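Asks: Residue-level listing of the chains:
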Amino acid sequence: MPADFRTMIKLRTYALFFVISAAFLLQSCSEDPIEPDNYDIPETYNFENVSYDGQIQRLSQFLELKALMKTGAAGTELDKTRLNAMYANDAANAMWSGTYDESKQMKNKTFESVQQTFVALLNNLAEASKSDSAAAEGRAGVASTLDQANSYLLDANGVELAQLFEKGLMGALMYYQICEVYTGDAKMNVDNTTVEPGEGTAMEHHWDEAFGYFGVPKDFPMNTDNTAFWGSYSKSRNELLGSNQKIMDAFLKGRAAISNGDLETRDVAITELEEELELVAAGSAIHYLNAAISGYDDFARRAHVLSEAAGFIYSLQFNSAGQVSKSDVESFLTLIGGNSDVLLLNFYNVSKADLMDARDQLASKAGLESIKEQL
Amino acid sequence: MILPLSKVNIFRIGALLFGALILLFNSSCKDKPQADPCLNNYELQPLLIQYADSLIQPSYAELQEDLQNLEQSIINMQSNADLSKLQEARSLFREAYNQWQFAAIYEFGPAETHALRNRFNNFPLNESQARAKIDAEDYDFSDLSAYAQGLPAIDFILSGLAEQNDIVIDSLNGNPKYLAYAKEVIVHLNLHLTEVISEWSTYREGFISSTGTAAGESISLLVNAINEHFEFIKRNKIGIPSGALSLGFTNPTEVEAFYSGFSVELAESAIKASEAMFKGRSGEGLEELLRHVGAEKNNLLLADLIINQYSEIRFEMGQIDDPLKNSVDQQTDQVLRAFNSLNQQVIHLKSDMPSVLCTSITYVDNPSDSD
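Going line by line, the protein sequences match chains E and A.
Sequential numbering of the first sequence, starting at 1, is according to the numbering used here.
Sequential numbering of the second sequence, starting at 1, is according to the numbering used here.
Rather than coming from a laboratory, the hints here were simulated on the basis of the structure.
Quantities reported herein were computed from a predicted structural model and do not represent experimental measurements.
Backbone N, C-alpha and C define an ideal beta-carbon position, used for all residues, glycine too.
Hints are not guaranteed to be accurate.
[What the hints assert, rightly or not] Cβ-to-Cβ under 7 Å is the rule here; a few derived chain A residues that face chain E:
1) 247
2) 248
3) 249
[Said to hold, decoys possible] Quick list of in silico lysine-lysine cross-link-like pairs, DSS-like style, CA-CA up to 30 Å:
4) 218/E / 253/E
5) 350/A / 272/A
6) 107/E / 325/A
7) 350/A / 279/A
8) 326/E / 325/A
9) 326/E / 246/E
10) 325/A / 109/E
[Stated by the list, open to error] Over 10 Å on every C-beta distance to chain A, these chain E residues come out as not near it, computed from the model:
11) 45
12) 56
13) 136
14) 138
15) 149
16) 218
17) 221
Assemble the whole structure, with the sequences as input and the hints as a guide.
Replies: This is the structure:
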């Protein structure tokens with residue numbers, strides 16, 4: 001082989017080397033690739049130093065309030081002072097069954113701009129419960145389903161305030177706290193090194209508090225007992241959405257990521273949580289809209305499920321990463337209740353066509369079109 | 001001389017080429033190399049003198065004059081308020097409040113020591129707290145976290161006691177505590193402003209001699225000051241009322257100058273002050289520094305980008321009608337457009353500018369409420 005030919009080969013080898021180096025260099029300009037996971041994600045929420053006692057207390061308070069509100073359907077007159085005392089944990093007037101820390105209340109964790117809306121719903125509920133006649137258009141009272149199996153306390157506009165309050169507050173309190181507060185910048189750009197015994201780092205603790213608002217046991221969904229609020233509605237939608245495992249996985253992944261300083265994976269988990277929780281809320285709203293469409297002619301039933309639907313729709317606005325915006329919420333409420341203001345809904349005059357329209361628009365916004373009939 | 005391509009030479013050429021490649025690709029990762037990174041060859045003192053003598057100190061002197069005029073107009077009303085005196089006081093108040101926007105931006109040195117921003121303009125006013133203080137003739141304004149004093153309290157007394165002017169006048173004449181409170185507020189503001197002015201006369205020397213770029217040096221103070229105040233404009237004057245920071249729920253009661261209603265005007269003044277600070281005076285200013293280092297972004301000079309963005313902001317703000325407390329609901333989309341254009345400028349000012357000037361942002365962002 002002639003010497004210069006050998007040299008050429010060498011030059012080619014070098015050239016190849018340069019091209020490869022250049023490729024590497026170019027790559028090094030872009031973001032570093034995400035490091036492969038070198039930590040385990042457990043199957044249950046049994047991490048070290050987990051505490052979300054405050055969330056458990058608030059969910060328990062909410063369960064007590066919900067139980068009291070339901071007694072209105074049996075003709076019990078509800079005391080406005082007590083309802084408000086429960087909402088704000090004024091223990092002297094709340095007459096709790098459980099024991100709660102003085103500082104733990106639902107009201108001050110509700111999205112601030114709408115706290116008065118929930119106070120108004122409670123006051124309206126107490127007012128409606130005074131009625132001793134049957135519900136009719138323009139008159140509050142109890143209404144029964146055609147088969148007489150179920151009764152609900154409705155206001156003068158046919159709204160079951162207990163349902164609207166419950167589903168609405170699930171949005172303005174728990175859904176808001178999870179999607180906006182605890183996974184938001186202010187709670188996530190915090191210390192992740194100093195471990196507080198029993199609570200973990202500040203970042204871990206905030207994540208655990210978000211988990212606490214979901215309302216499921218630590219070994220969910222292997223164990224589906226003792227769920228509350230969002231945990232329960234995830235369960236109800238699970239067959240079509242697969243939400244139980246998806247949401248739990250996101251919580252587990254995010255917590256493991258935080259404990260291992262992997263903030264990129266944490267942020268992926270936040271996005272998954274926001275997406276999956278919105279699907280549960282939107283899926284539940286669609287579910288109840290379907291119930292209102294199929295049970296359209298049974299007014300008590302329709303009023304009951306529309307109140308639930310309206311509450312879930314209202315909830316959707318408390319997640320800024322969601323597909324459904326505040327103005328979407330207002331237009332859906334207007335379709336089903338004639339008003340964008342949740343305090344001014346009226347379910348007496350809605351047409352079946354409007355309900356279907358609301359259902360279809362919501363399904364399209366939320367990305368649930370393919371299963372909107374089955375939900 | 002022609003070198004034979006021996007193994008060694010090939011290796012040398014290779015190493016050279018390799019080195020060149022590294023340089024080439026490394027530099028291609030960033031924007032174009034700067035003419036003078038870190039202002040090593042820039043004489044900063046003339047620029048600092050311009051800021052001290054043509055912008056900062058004059059803004060205080062003008063504000064002091066405006067406050068004195070305002071104080072006099074309040075005193076005039078104390079004997080007997082009438083419509084023309086009220087209108088006079090309101091117009092002087094408006095002047096002072098606008099002038100405050102030009103002083104507010106320089107919150108370092110003496111102004112920081114005296115916490116001028118908290119003293120002058122904690123808004124929105126806590127009306128019940130203010131009423132209680134007025135009623136108690138409580139003229140202790142030392143609590144910097146209180147929202148019952150400063151210019152917002154004057155706003156309330158001159159325009160917030162009633163909708164109709166004659167009822168306002170009756171209230172002022174009927175209860176002398178209102179004007180007494182207004183006067184004490186102004187006396188207090190003037191006292192601290194006067195001290196700031198006097199302290200600046202000695203502070204100036206250190207300020208113009210601090211010509212490095214490290215944290216705490218004058219250029220770093222200026223870069224931080226323009227940013228901190230710009231974020232305040234974005235968040236407190238527009239963002240919070242617009243609902244952009246609260247899931248679209250508007251907060252009309254959180255606006256600046258809630259009672260008199262010239263909130264947009266004040267925000268525009270604040271933006272003007274920011275732009276004036278960016279431009280500096282006599283060719284000496286942050287703008288010129290960016291031109292000097294040749295900072296570019298998206299193939300445009302960063303200085304031009306920032307100037308263009310200021311004019312876009314002015315345009316978007318100009319589309320919003322005062323009072324802002326109404327337009328946040330009536331022109332929500334327009335208010336949000338203005339908010340977005342302010343947001344865009346934050347990227348230029350806060351992330352692009354400091355790095356090319358080798359300064360860093362050292363203030364802590366407004367913390368959100370915790371627990």
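Asks: Verify the proposed pairing of residue 350/A with residue 279/A, using a straight-line Cα cut of 30 Å.
Replies: holds, 16 Å
Asks: Are all C-beta atoms of chain A more than 10 Å from that of residue 45/E?
Replies: holds, 22 Å
Asks: Holds or violated: is the Cβ of residue 138/E farther than 10 Å from all Cβ atoms of chain A?
Replies: holds, 30 Å
Asks: Are the Cα positions of residue 350/A and residue 272/A separated by 30 Å at most?
Replies: Since the Cα atoms of residue 350/A and residue 272/A sit roughly 18 Å apart, the hinted pair holds (cutoff 30 Å).
Asks: Minimum C-beta separation from residue 149/E to chain A exceeding 10 Å: can you confirm that?
Replies: holds, 39 Å
Asks: Residue 218/E: least C-beta distance to chain A exceeds 10 Å?
Replies: Per Cβ check, residue 218/E is outside 10 Å of chain A; nearest 24 Å; holds.
Asks: Does the claim that residue 221/E lies outside the interface with chain A hold up, using a Cβ gap greater than 10 Å?
Replies: holds, 29 Å
Asks: Say whether it holds or is violated: residue 136/E keeps its Cβ farther than 10 Å from all Cβ of chain A.
Replies: Fine: 34 Å to the nearest Cβ keeps residue 136/E off the interface.
Asks: Please verify whether residue 218/E and residue 253/E have alpha carbons no more than 30 Å apart.
Replies: Given pair residue 218/E, residue 253/E holds - Cα atoms ~14 Å apart, limit 30 Å.
Asks: Grab the minimum beta-carbon distance between residue 56/E and chain A and tell me whether it stays above 10 Å.
Replies: Residue 56/E clear of chain A: closest Cβ-Cβ about 17 Å, beyond 10 Å.
Asks: Run the distance test for residue 326/E versus residue 325/A: straight-line Cα separation, threshold 30 Å.
Replies: holds, 20 Å
Asks: Using the nearest Cβ pair, does residue 248/A come within less than 7 Å of chain E?
Replies: With a closest approach of 4 Å, the residue 248/A hint holds.
Every hint, counting from the list given before, is met by this structure.
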